[in-house]
Amino acid sequence: MIDMFLDRVRAVPEWALLVGLGLIALAAPFVVPSLATQLAMLWLMVVFAQTWDVLGGQLGYNSFGNVIFFGIGCYACAVVQRDSGLPYYDALALGLLFAAVLALVSALLFGAALLGIRGHYFAIATLGLGIAAGELAAGWDYIGAGSGLAMPLFPGALGSRELFFYYVMFAIAGACFFTLRWIYGTRFGLAMNAIRDDEDKAEAMGLHTTAIKTVAWAISALFLGLAGGVAGNMLGFIDPRDVAFSGATFGVWMVLMAILGGKGTLWGPVLGAVIFHITKEFFWTYLLGWQRVALGLLIVVIVLYFPQGIMGWARARQQARAGVAT
Amino acid sequence: MTDNLILLLQNPSFALDVVLNGLLAGAIFALAAYGMSLVWGVLNIVNIVQGELVVLGGYITFVTIGAGVPALVALPLSALVMFGVGFALYYTVIFRVIDKDLFISILATFGLSIVIQQLMNTVFGSDVRSIDTGLGSFYMLDGAVTVAWIKIVACALALVSGLALWTFLRYARLGQAIRATAQNPRAAHILGIDTSRVYAITYGLNGALCGAAGSLAVMAWTIHPYIGLPYTVRSFMIVVVAGLGNVGGVVAAGLSLGALENVAGFVFGAEYQIAFVFALMVLILVWRNWRAARRRTYLA
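Line by line, the protein sequences give chains H and X.
First residue of the first sequence? That's 1 in the working numbering, and the numbers climb one at a time after it.
First residue of the second sequence? That's 327 in the working numbering, and the numbers climb one at a time after it.
I should point out that these hints are in silico values taken from the structure, not numbers from a laboratory.
Take these hints with a grain of salt, some might be off.
[Claimed, not checked] Pairwise CB distance ranges (calculated):
1. X:Asp458 - H:Gln38: 40 to 50 Å
2. X:Ala341 - H:Thr186: 35 to 45 Å
3. H:Ala316 - X:Asp458: 57 to 67 Å
[Claimed, not checked] Examples of chain H residues lying across from chain X (beta carbon under 7 Å, computed):
4. Leu108
5. Leu109
6. Glu135
Cβ coordinates follow ideal geometry from the N, Cα and C atoms, glycine included.
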């Protein structure tokens, strides 16, 4: 029964899946306009899971601090919009550009400093980085310190704001997906997997491992920065600890979604993000204050009993069909 | 910022006050760090839930003292309860992650830390809690240096616990079994040591150390549900600097961290103290890795 279902899923060509999902995504905010912001959050989650998986899944480097690039994007875009004095859309475009560049550059810097560190030292170093950034932002007056930043008002008609940001977020998620899909197929993608499988051997084969890791982190930072700039505008308000550098929500969710879907795969994080976001929105409201306890329990349960994720489970179930000799 | 630094440099007695209070706080960090060092060395797990165990120990003391138990009884009681908590955590979650890769153990203990943190927030509320032990303060240099007696007591108790732990690990049969398991679990198992029981006791012992640390923290300082992670990071940092299985190093590193943190908190402002702790950890790791890279190795 399950195998039949998996066979059928596998039989769908990827282009048909992409076109179908794309059409649904384009039409969705018109069919259910009240859910536009919710659906935009879904695309944000997809970006989170995919960008986490670049290091976590493809490179085997588990980062707990990727949310720092999201936060940098939030603030970079907001500061440009506040101080540039340009018309709304020009300022937004310039802000997004600045957000992407700043996130990319900071990833290159942090990567050069931290990506020589391996294993749990790296994981905990990134955890420290993310929280230190949130605490620093909460004390820096120029960006509003602990009281946060309010974003400029959207100039369009009522209801057009949600649609606009939905499509921008969708475009970022799509661009992220196709960029990663392309990268995973190149020599660079193979080099990333080689580092995950055996870093010493990869280095002995002449790969510049630290450079590859840093560039990979910068790519994921680029999309996180863009998503941060848009998300700040979409939410209308940036709080240093609860929105921008929110390690306890976004920072944990991105890890959880990627693992749930299956880390180290292209579709796994997308699938994980969709499933997690939908279940979260359906059940969270019924948990009445116990959401975060449930989140913690969910992490423990998934990590202990389901560490390979949905894609990993499907692959293990159909080893022969996936091309693994049994 | 520079004003504060100048103030500190021009008033030696005031500087002494800041450093001394920091040193005494450092003893509590060292106590939690012994536990982390033990779990890391024996179970090969970086225990992210460490700080939450400290805070939970603090809440247990807060509740028991609130119910009229004297402070001298509340401290061992908290350690005992936390030994049980650690034991229970081992048999529910930790034993499953021992032979898995490091990432699984980090994420699983991270998940546990969220669970405990949020449970504490639900049960005890998010207010900052503290207990006044009524021991008064100790004055030096015409009142320029003020140290609460409870902080001195806390520091002494932390050092005594450290010494007791060291003696236990070195001379007691069970302590020797723990060290044997840390060195080579397979060989220890063959020689008749029940390694899974040793793991459980080690984790319970870690819980007891955290419980004692938390108990001292609530008496000498303050606790709230979200202060756990800084304790975890401090313990991690102390163990990284001191090295595994080095009790003396843990004490030295813990005291220095406490002093450094208090001075930094004064110079940069108290709102940056947590940022300082986390940034310092990142810097220490980067520096250690840079040193290792010069020997053509890496931190892993």
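Evaluation of the provided hints:
no.: 1; hint: X:Asp458 - H:Gln38: 40 to 50 Å; in the structure: 49 Å, holds
no.: 2; hint: X:Ala341 - H:Thr186: 35 to 45 Å; in the structure: 58 Å, violated
no.: 3; hint: H:Ala316 - X:Asp458: 57 to 67 Å; in the structure: 58 Å, holds
no.: 4; hint: Leu108; in the structure: 15 Å, violated
no.: 5; hint: Leu109; in the structure: 11 Å, violated
no.: 6; hint: Glu135; in the structure: 4 Å, holds
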